[in-house]
Each structure stands twice: as C-alpha cells, then as structure tokens.
Amino acid sequence: MRITPFIVLDQLQQAMQSMQKSYARTNNQLGLQKRILAPSDDVSGTRRVLDYQVDISANDQFKRNIDTATSNLNQTNTALSSIDDVLSQVKEILLTSQSGSNNTNTRTVNTQMTALLRDQFISLANTKVDGKYLFSGYLSNTLSYNTTTYAYQGDNGIVTIPVDHGTTMATNIVGSDAFSYTLGAAYAKQIPSGDYVHYTPGAGTTVDVEIRDATDTNVLDTFSFSNVMQMTDILSTAISTNNVDRIQALIDPFDQVQNQLSSASATVGARLSSLNDQSNLLTQGTNSLQNSLSSLQNVDLVQTAMELQKTDTTLQALYAASAKIMSKSLLDFLS
Amino acid sequence: MSISGLFNIGRSALTANQTALAVTSNNIANANTLGYSREEVVLSVTRPESTASGYLGTGVSAVSIMRSFNRFIQMQLLGQQQNQGRSSAMDQTWGQVEALVNELQDTGLSTSLTDFFSAWNDVASAPESSTARTVLLQKASNLTRAASSIERSIVSTLGNTNSSITDDVKQINAIASQIAKYNTDITAAEAGQSTESANDLRDQRDEKLVELAKLVDYSTYEDPNGSITVTVGMRNLVSGSHVNTLSTTPNADGNPDLSLDGINITQNVQGGDISGLIAARDGIQSTTLTSLRKLVASISQQINSLHSTGFGLDGSTGNDFFNPLQLTTLNNTASATVSTTITNQTALTLDEYTINFTGGNYNVYNKATGALVTSGAYAAAGTTFVLPGISVTISGAVTASDSISVSPLTTAVSNFGVALTDPNSVAAASTAAGVPGDNATASAIAQLTDGAITNLGGSTFSDYYNGIVAAVGASRQATADVLTFDTNVLNQMQMQRDSVSGVSLDDEAANLIRFQRAYQAGAQVIKVADELLQTILNL
Chain S
290 MRITPFIVLD QLQQAMQSMQ KSYARTNNQL GLQKRILAPS DDVSGTRRVL DYQVDISAND
350 QFKRNIDTAT SNLNQTNTAL SSIDDVLSQV KEILLTSQSG SNNTNTRTVN TQMTALLRDQ
410 FISLANTKVD GKYLFSGYLS NTLSYNTTTY AYQGDNGIVT IPVDHGTTMA TNIVGSDAFS
470 YTLGAAYAKQ IPSGDYVHYT PGAGTTVDVE IRDATDTNVL DTFSFSNVMQ MTDILSTAIS
530 TNNVDRIQAL IDPFDQVQNQ LSSASATVGA RLSSLNDQSN LLTQGTNSLQ NSLSSLQNVD
590 LVQTAMELQK TDTTLQALYA ASAKIMSKSL LDFLS
Chain Y
465 MSISGLFNIG RSALTANQTA LAVTSNNIAN ANTLGYSREE VVLSVTRPES TASGYLGTGV
525 SAVSIMRSFN RFIQMQLLGQ QQNQGRSSAM DQTWGQVEAL VNELQDTGLS TSLTDFFSAW
585 NDVASAPESS TARTVLLQKA SNLTRAASSI ERSIVSTLGN TNSSITDDVK QINAIASQIA
645 KYNTDITAAE AGQSTESAND LRDQRDEKLV ELAKLVDYST YEDPNGSITV TVGMRNLVSG
705 SHVNTLSTTP NADGNPDLSL DGINITQNVQ GGDISGLIAA RDGIQSTTLT SLRKLVASIS
765 QQINSLHSTG FGLDGSTGND FFNPLQLTTL NNTASATVST TITNQTALTL DEYTINFTGG
825 NYNVYNKATG ALVTSGAYAA AGTTFVLPGI SVTISGAVTA SDSISVSPLT TAVSNFGVAL
885 TDPNSVAAAS TAAGVPGDNA TASAIAQLTD GAITNLGGST FSDYYNGIVA AVGASRQATA
945 DVLTFDTNVL NQMQMQRDSV SGVSLDDEAA NLIRFQRAYQ AGAQVIKVAD ELLQTILNL
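Those protein sequences? They're chains S and Y, same order as listed.
The opening position of the first sequence corresponds to residue 290 in this note's numbering, with each subsequent residue numbered one higher.
The opening position of the second sequence corresponds to residue 465 in this note's numbering, with each subsequent residue numbered one higher.
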C-alpha cells in the first residue's frame, strides 16, 4: 500500500481523537464517581440502576410510613397502659367495696377516688397527639368521649397506611375496641348478695343490666353502660349510696373490659413488633440494594485511575511519535 | 539522422520534462487540497525513424496527464459517506434526547414522580394535616412542570431536527445545481476526446458528490459525454445540466417529508444526514414522545379516577386532581366535519386512532399497532360510533384519501396541570362521614405506585418510565455503535482513496529531482548538438 502524508496524519488525528475521548470519559467517571454516565453506556445496567433506585426510594417511603405508624401506636400503647393502671385501681376499690361493710368515711373517700379515676379515664381516652384524638377513629378532630355523658363520639374507622408492597398496617385503635366490650349473648348469674343479675346486649357496646331478687323474678334495679367510663361513673354513685347489688353486678363487666383492654394492648404490641420487624427487613433490603447499586454504578477507583494513567501514557507517546513523523521529509535532506 | 535530429530529441526532452515538472509542482501545490487526485504525466517515445542501421528513436512526448483515481474506491467511499452521514445525524439527535432523560445524572422525571407519590403517602399518614396537603399540591405541580419541561425539550429537538432537514434540502439543491454546472463544463471540455481529460473539473465534481453523500444517499451513472445523472429516492435529482428541485411537504404528523419531481420519496431515502434526521425524528416521535405522553396521561387518568370518588376536608367530592384528558382531532378531509367527545375518562385506553374511508365504510385503526379497531357503513348525513370512552360523529362527503386522527395523548403533557387549588379539597377520605381521619383514598392513590396499570401494558408507572429511559439509551447505544463502525469503515475507505489519489511530498520531491535532472540532461543534449554543429561549421 502506498502511504501518503494524508494517511499518516489522518491516522494520527483519529488515534488522538479516540485517546482524548477515552481520556475525557475516564476523567468524567472519576469526577462523578460513577461508572455509567448515560443510559447508552450500559442499557441493561441503567435499567437495573433505575429499578434499584425505585425500590430503594419505595423502601425509604415505607420506612417513613412505619415511623409514623410506630409513633402513633407508641402513643396509643402509653395511653392504654396508663388506662390499665387506672383500671386496676378502680377494680381494687370495687373489690374492697363489694361487701358493703365499709364505713361512711371510707365510702366517701372511695366515691371521690372513683370519680377522680373516672376523670382520669376520660382524659386518657381523649388523648390528643399532633392535633388528633387517638381513639376517635376517622373522626380524629372530635373528642373521643363526651366529658359529661361519657358517650363515645368517634367512629369505627381504622386508619391503615402502606408499609410494604401490597401490605398495609392499621395505625390506630378505636375507643370502642379498647374501653368497651361487646356482649355476645345475654346471660344471668347470682351475685354474692343472693340476688340475680341479667346482662343483655344492647345497641353496639351497650350492656343492659337488670338486678332481680333472690327468686330471680322481681326486678329490683336496671341500669346500662357502654364503656368503662360509664361503668366507673355508676360505680362511683353506687359506692356513695352503698348499693351493694350494683357494685357486685359491676364485677363481671370490669373483668370483661379489662380483658378487652389487654387484648387491645396486645394488638398494639403485636403491631409494633411487626412494624419493627418490617422496618428491619426494609433496612436490610435497602442495604443489599445499595450494595448492588454500588457495584453496578460506582466506579472502581483503582482500575479507573490506572486506565487514566494508561491513556495518558499512550497519549504522550502518540504526541512524541507524531512530532517525529511529521518532521520527517525528503525535502529536509535535499540541498 | 541529422544533427538537427539531435536538437529535436533534446527539445522534446526539455518540453516533456518541463510538463512533468509542472504536473509535479501542481501536485505539491495541491498536497492539502481536499478531494484532489494526484496527477501523473504519461511519457511516451515519439515515432522512431527508420535508418539503414535500424529504427532510431526521435525523443519523448508527454502524451497525457492522468489522474490517479480509482472509480471503485470512490463509489465505495461515497456509499460509506452516506452511511456515516445517516448514523452521525441519528447519533446526534438521539444524544440530545438521551440527555433529557439521563436519570443517571439526575435529570428526568424519576425524582419528581417519587416525590409526588411520597407526598400522597404523607397525606395518607396524616390526612388531617393541611401541611401534608399543601406539600402534595406543590409536589404535584413540580411533577407537571418536570413532565412539561421534558416534553418541551423533546418537541423542540424535533423542531430543530425538522429545521435541519429543511436546511439539508436547501444544501442538497445548491450542490445539485453545482453538479449540473460541472456536468456542462466537463461535457464541453471533453467534447471530441476519447479520454477523461478534464481532471480538475472532475476532481471538483467528485468533491461535490462527496459533500452530497454526507447529506443524502443517491446513485449515479455517467453518460458517454462525461456528464453524470444523480438519482435520489429513485427520482432524478440531476440529469445533465437539468436539476429537479428537492422540496418538503408536511406529512400527517405535520413533519416535513421529502418530495422530488412531485413524488414523496421519504421512504426511499435511506442514507445521509437527512435520512438519519428523519429516522431519528420519527423514532423519537413515535416511541419516546408518545410513551412519555402515555405515562403522563395514565398518571392523570388513574389519580383522577380514584380522587373523584374521595372526599376532601371541606366535604367536596367528585373533583379531578389533575386536569382531565382532552382529545385532539386532526381532520385531513376536504369537506367532512368531525366532532369527538370523551364520554368516560376512566374507560379511555389511551390509544390513538386513525380513521380511513373505503367503499362507503369507515375503518378505525389503532395508530400504534395498525390493528383495525372497528368499522361500519358511513352515512354522509352523520355517522356516530363509539371507541372506548370516546364518541365520534362524522358528517359530510369523504374520499378514500381522507384521514382523520383522534388522540387523547397529543395534549396530555401540555395540558397536564393540577386542577385543585385548595389543599382542603384533596380527597383523602373514601366517605363523607370519614372526614377528616379517613385516609383510604389517599392510601389507595399512594399504592398506585405498586399497581399494574392496564393502559401501560401492565407496568407500574416507574417501570414504564424506566422502560422509556432504557429504550432511549438502547437507541442511542445502537446509533453510537453504528456510528463508530461507519466512521471506522469510512476512515479505511478514505485511507484507500488517499493511498491511490493522495499526494506524497516525498514522491513529489523525488520526482522534482528526477525531472529536473532529465531537463538538465536534455539541455546538455542540445549543448552537445550545438557543439557538433559548431565543429561542422568550423571545418
């Protein structure tokens, strides 16, 4: 093949161009610390990088949701365990008052104590966090319990938020699930006083109570309640009047409501632990995604720096060679 | 042979070598001229004289000046120039679009899409909070801005591509008339000669052909009189001294198509810058742009569909979150009138339709797949038919060449805006009674990110978007690979051409000495002949 200066120069130019290009590229990779600079560099790699990024940001979002849910449930848990303490105190008074043998002074103190505990119930059941009433269901801007009638004013709305792909978690307990119980079927029992008590389910969580005499025929007294606040209120009055039938009739309902409260606490505890597990899983998932992402996207510093050095050396050699080649001409030797 | 014969031989040596020196000097002078082919003098012995002792030479003559030119290499070079022109244009255009969705350097839609759904999650976590709602509206308008900005840039890239196509057409026409001019000149210069002697004119015409090859693919053939015919897309562009002007006509999408001699030749142009521009333009329009619009249309459709069933803090319901989709109708008929309405936003399949008329029937095709969607008898008095979510009424006379296109996507991005202004109208609750704590609607919208969207072929929003990015990357990668290949081949061809036609200064320097020495020797011959003659005269 005949070689002309055009060929030599063109080749030099092309070689230099391609060297400069790879030089600039390697430099850019080092500068941005990224192996893939544009989707066309590695299409399937890009696709995976983008998918990983979507997964990581979804995980981050789920973790933020879990944080919100955890904070809500922790508040709920605190309120529930305080209420449980209050409930235990009420039950203690109930048990010491059921014989009806306390003197007037003790009864007065117990009445006042019970009324105080009832108000504590109300204030705990109306716990407000971040402007939301914890136990009102969807009606989070409404006081959960009326402070005079002690009636539940919320609804049964369970708020759920996504905590994983296709999985949601309830973040609240409604008041009617924690502080009331739903009587399944009517039943009757004889109380220590010898009278009979009939418990009949009413609307919702209402329980209608009927006290009959020892022959279980004549109705002596009726009352009804739908939550622990109302029960405590009735108890307080019963203690002040030393109404032993009512006090004894309330023992069963207080046991029931305590069960209900424990089960609500257990539910919250289970949710919290499941959220904690879920959060750990998400963190692990994110970590492993981050690892994959790094190995896919991050530049291998040593290798790239070597690459840069190699390109640099080649480029220098090329410059030196070009200078030599371009200075050679027959014309230099003719004189 | 007489002594004067010696003079003649010496003179012929001087003339021939002087010509050779002139050609060598011209080669040296044009060593850096693009497209110049090295020339050589063809020397030949003159007719010998018959003498008693045999034939005796009578000197030398420069019979012709030949271009060192290989037509085969030149044709290959032109063909490769056309390939390289095409791939270079495609690479550049796709490169611009790739930069718009380069998620690896954090440009594109991904962040604002994630932020938007993240804001929905926050509303679901705190449906009572007006802060979360305000942030949501903010993120939503960020999303619309990001989408519009990408669309605007793609549309403007397409617009620039169309301008480049128009510029290429102008340049092609200018080169065509120059080639026609060279045809005339070469025909005149070579008239009556049996060899190709108009070397420099041919070099210049060849250089114009190289320029033309960068722009468009063509084929040529040479007439016996030396003029060439250039055909583009199977129509004559240049024929002798005549030029047919290449022009552009807008196609159904409003983009310029190429037309030569009254015929649309766009499909037949497969090489050169202009074909690369057209291919990239059509590719970007039918894939990237349409997919982006479909994604946005689908986001707005899905969210509106859920949002309008929910209830805001202010008790409002039935509100669209984003502006509802609109139809764009392109009516390419002479006398028909078309009216289209969206009867059900949710039922829209986000397909674009083309309506044609044949034999008294209307036929509706899916523009993307070409599949027949529906057809029926057409009555000029007024024909109404229903497509998913769309009602179309056409009336008036139609012809077989008429076409109507209906698209819910054309304005999907330009019209993409947040319809709500009041944060309290954001419908987080699923029932009126559930306000304010009910987050079921917000939660359902937040979970749309995981949902397979039927109108996006069962992908999630992120999947679909990542698919767009990957598709752009793949297109760019393919064009870049082809460009590298084409450039390497072109360089090889160029090298072969230079090997044959290029000027080597070393060669020319040697020739310079060679012809100079021969010239000096020729002068010496004349001197000797003169001395011989003097000897005779002195007798």
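Do not rely on the hints blindly, as some may be mistaken.
Said to hold, decoys possible - Which chain Y residues face chain S? A few, computed with CB under 10 Å, are given here: (1) V565; (2) S589; (3) G931.
What the hints assert, rightly or not - To give an idea of the chain S side of the interface with chain Y (calculated C-beta under 7 Å), a few residues: (4) L298; (5) A327; (6) G334; (7) T335; (8) Y341; (9) S346; (10) S429; (11) L432; (12) I447; (13) I614; (14) M615; (15) S616.
These are computed hints drawn from the structure, not numbers from a lab.
Given the structure is predicted, the values throughout are model-derived calculations rather than measurements.
Backbone N, C-alpha and C define an ideal beta-carbon position, used for all residues, glycine too.
These are the hints, each one checked on the structure:
1. The restraint placing Y/V565 at the interface with chain S holds, with a minimum CB-CB distance near 7 Å, inside the 10 Å limit.
2. A hinted interface residue such as Y/S589 counts as satisfied when its beta carbon comes closer than 10 Å to some beta carbon of chain S; here the least separation is about 4 Å, so the hint holds.
3. Contact between Y/G931 and chain S, as hinted, is supported at the beta carbon level, the nearest pair being about 8 Å apart and thus within 10 Å.
4. Interface restraint check for S/L298: the shortest CB-CB distance to chain Y comes to about 10 Å, outside 7 Å, so the restraint is violated.
5. A hinted interface residue such as S/A327 counts as satisfied when its beta carbon comes closer than 7 Å to some beta carbon of chain Y; here the least separation is about 5 Å, so the hint holds.
6. With its C-beta approaching chain Y no nearer than about 9 Å, S/G334 sits outside the 7 Å limit, and its interface hint is violated.
7. Satisfaction of the interface hint for S/T335 is found here, the shortest Cβ-Cβ separation to chain Y being roughly 5 Å, below the 7 Å cut-off.
8. Interface restraint check for S/Y341: the shortest CB-CB distance to chain Y comes to about 10 Å, outside 7 Å, so the restraint is violated.
9. For S/S346, the suggested interface contact is upheld, since its CB lies about 5 Å from the closest CB of chain Y, less than 7 Å.
10. A least Cβ separation of about 4 Å between S/S429 and chain Y falls short of the 7 Å threshold, and the interface hint therefore holds.
11. Of the supplied interface hints, the one on S/L432 is violated, with its beta-carbon coming no nearer than about 13 Å to a beta-carbon of chain Y, more than 7 Å.
12. Residue-level restraint check for S/I447 is violated (minimum Cβ-Cβ distance to chain Y is 10 Å; threshold 7 Å).
13. Taken as an interface hint, S/I614 does not check out: its beta carbon lies about 12 Å from the nearest beta carbon of chain Y, beyond 7 Å.
14. Given the 7 Å rule on beta carbons, the hint for S/M615 is violated: about 11 Å separates it from the nearest Cβ of chain Y.
15. The criterion of a C-beta within 7 Å of any C-beta in chain Y is not met by S/S616, whose closest approach is roughly 13 Å, and the hint is violated.
Checked against the numbered hints above, the structure violates hints 4, 6, 8, 11, 12, 13, 14 and 15; every other hint is satisfied.
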